[in-house]
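S.K.: My request is simple: use the sequences and hints to build the entire structure.
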Amino acid sequence: MARALTLYEKLWQSHVVADLGEGEALLYIDRQILHEVSSPQAFVALREAGRQLRRRETHYAVADHAVPTRSPHADKHRHGAVADPQASAQIAELEANVQAFGVPYADLDGPEQGIVHVIGPESGFTLPGTTIVCGDSHTTTHGAFGALAFGIGASEQGTVMAAQCLRQSRMKTMRIDLTGQRHPLIAAKDIALAIIATIGAHGAAGHAVEFTGPVVRAMSMAERMTLCNMMIEAGSRIGLVAPDATTYAYLKGRRLAPAGALWDRAVAHWETLASDADALYDKLLTFAVGSLAPQVSWGTTPDQTLPIDTPLPDPGTLGDPAARRQLEKALAYMDLAPGQTMAGVPIARVFIGSCTNGRIEDLRAAAAVAYGRQVAPGVQALVVPGSAATRAQAEAEGLDRIFLKAGFEWRLAGCSMCVAMNDDRLAPGERCASTSNRNFEGRQGPGGRTHLMSPAMAAAAAVTGHITDVRTLPA
Amino acid sequence: MTPPPFTTVSGPAAPMPEDNIDTDIIFPARFLLITAREGLGRYAFHDRRFDADGAEVADHILNRAPFRKAPILIAGANFGSGSSREQAVWALLGMGVRCVIAPSFGEIFHGNCLRNGILPITLPPAMVEMLMADAARGIAATVDLPAQSLTFEGREAIPFDIAPERKEALIHGWDETAQILNRFAGPIAQFEAAQRATQPWLYSKESAA
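Chains as they are written, first to last, in the numbering used here: chain A, 1 to 475; chain B, 1001 to 1209.
In case anyone wonders, no lab produced these hints; they're calculated from the structure.
Be aware that one or more of the hints could be misleading.
A few chain B residues that face chain A, going by a derived Cβ cut-off under 10 Å, partial list only [to be verified]:
#1 S1010
#2 R1030
#3 A1052
#4 F1109
#5 R1115
#6 E1165
#7 Q1195
Quick reminder that beta carbons are idealized off the backbone N, C-alpha and C, glycines included.
M.R.: Written out as structure tokens, the structure is:
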């Protein structure tokens, strides 16, 4: 009988084109998503070498990182309305490239525009059992579908375009079993942050992380995507959840998902992907979510995260001078003091969106908190749907009116304030409650201070003006 | 795009005794709007090397002699974590860095280094700490890739690991895409034929949009 295999091993083995020895293989890549910021140099390389796309239909391109989330026009179109000349040129370059090479493209003003990791799943481009790459580290997101998905650099993008393959090293495997019953206001984001705080920003390096257990099985696809999305913040390029009925229900009928007889064949294949019952992992972790409190990052790496009521660490108690210096540096950058808790810390900006938390379920969670309340005086709060389709869905549900009435800004889809390379940025020293994924120095703008949290927590910060335990908001 | 070949590199090693130096620190996101890959050296560590007015921060290690043009960086754990932006590597290359020594690396950054002629050397934390002290005193180092050895002046050579194929590719400055196309055209076509038969839904859409 064949050796029992994990989901990761099945995905790996089914994509090996050639074994290169030493744990490396030439891996076949089924899908690539391209965006305006990381793809230009890959197209240049392709042109310079006189190469063509091997299978143009396996790529899907969109502009998301550099795009503004506002339009000066009444009909909200952004084409030709991007004020930043560099951003405008970058979008134009993507459009010229997709035209020249015949790459399918989600137009900036079309119904499928949005963040790469939101539109891949929404369009059915993301499918279980596939290998998916993108020039973006949060490609981990697509692992929520049982796809082998990972972020790559521009050089590798060019390789995939020309050869449909990449040279990769096989990862070790780590299983994180999520158990217990969480509070209804504890989100997948809280679980992800708590895991990262526990294992560290490099804690899953070299490992493909698979989430298992009853908590994951009960999660929506949006929640699974949040979990997998954040695994890069623990150092892992790959997060995984085995596909199940929830996955198939999400995918069925999506534009690029198989249909008819092919759908049945595809599901039959996807059913074989789950890890075998007796498969062995290199690392096993059990994580109980029952007593989890809302998590808030306080420092400048995502593992510098604590439950909202836990006092911040004191550098004075650390023996190792290097560790002490780093802690002091993080506290100084964030303008926080040892011993204080995150609860009550005033914020100036709120950002609800990103590939981590810009999906319809995230907007519903934030809207539930915003409903009947008002954004606190002096706070600017942005709601940025992850895609045009998400935006349309939210408007059909009336969420936009809830946000607008409460004083939030309702923006167009894009990466927005997750990455300081479009119009949405923090000013130096500004403090932001953010549903994004990175609290790095300057990530949301030079000198900006980011606190990562769930959508409900960010909305609670918006309406109170300070970081607040959403479970304690008066009804 | 062929990377510059790597055989030996000698010179000062700029010490960065800090863990988790991410690619946003190495190359701030707003400069990603530049689509060129040449000339990015001036943006490396930009928001730490320069103040808000664009003036040099005098005490930044890369603004001080003899580290201003150091070909080697020696840093804390998880160097190059975060974003996949290859500009982080192009910026290092642009300022003349050819080798980074650290206890561990962000994985995407690590791969990006190898594809661009920068040698990432992973050494145990205690070893890095010891060498960091040498580096801070301005003691120069020599990296010999064919011999897989790292020598700080006055110390014994320290061996380091690298996969044989990666080593060959760096020494010769091979372009990975060309290598794959030259060596594996047959197996790729065979793989596609087999996959098309067993998973036809991956081949049924002519166009995504």
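S.K.: Looking back at the hints listed earlier, which ones does the structure fail to meet?
M.R.: 1
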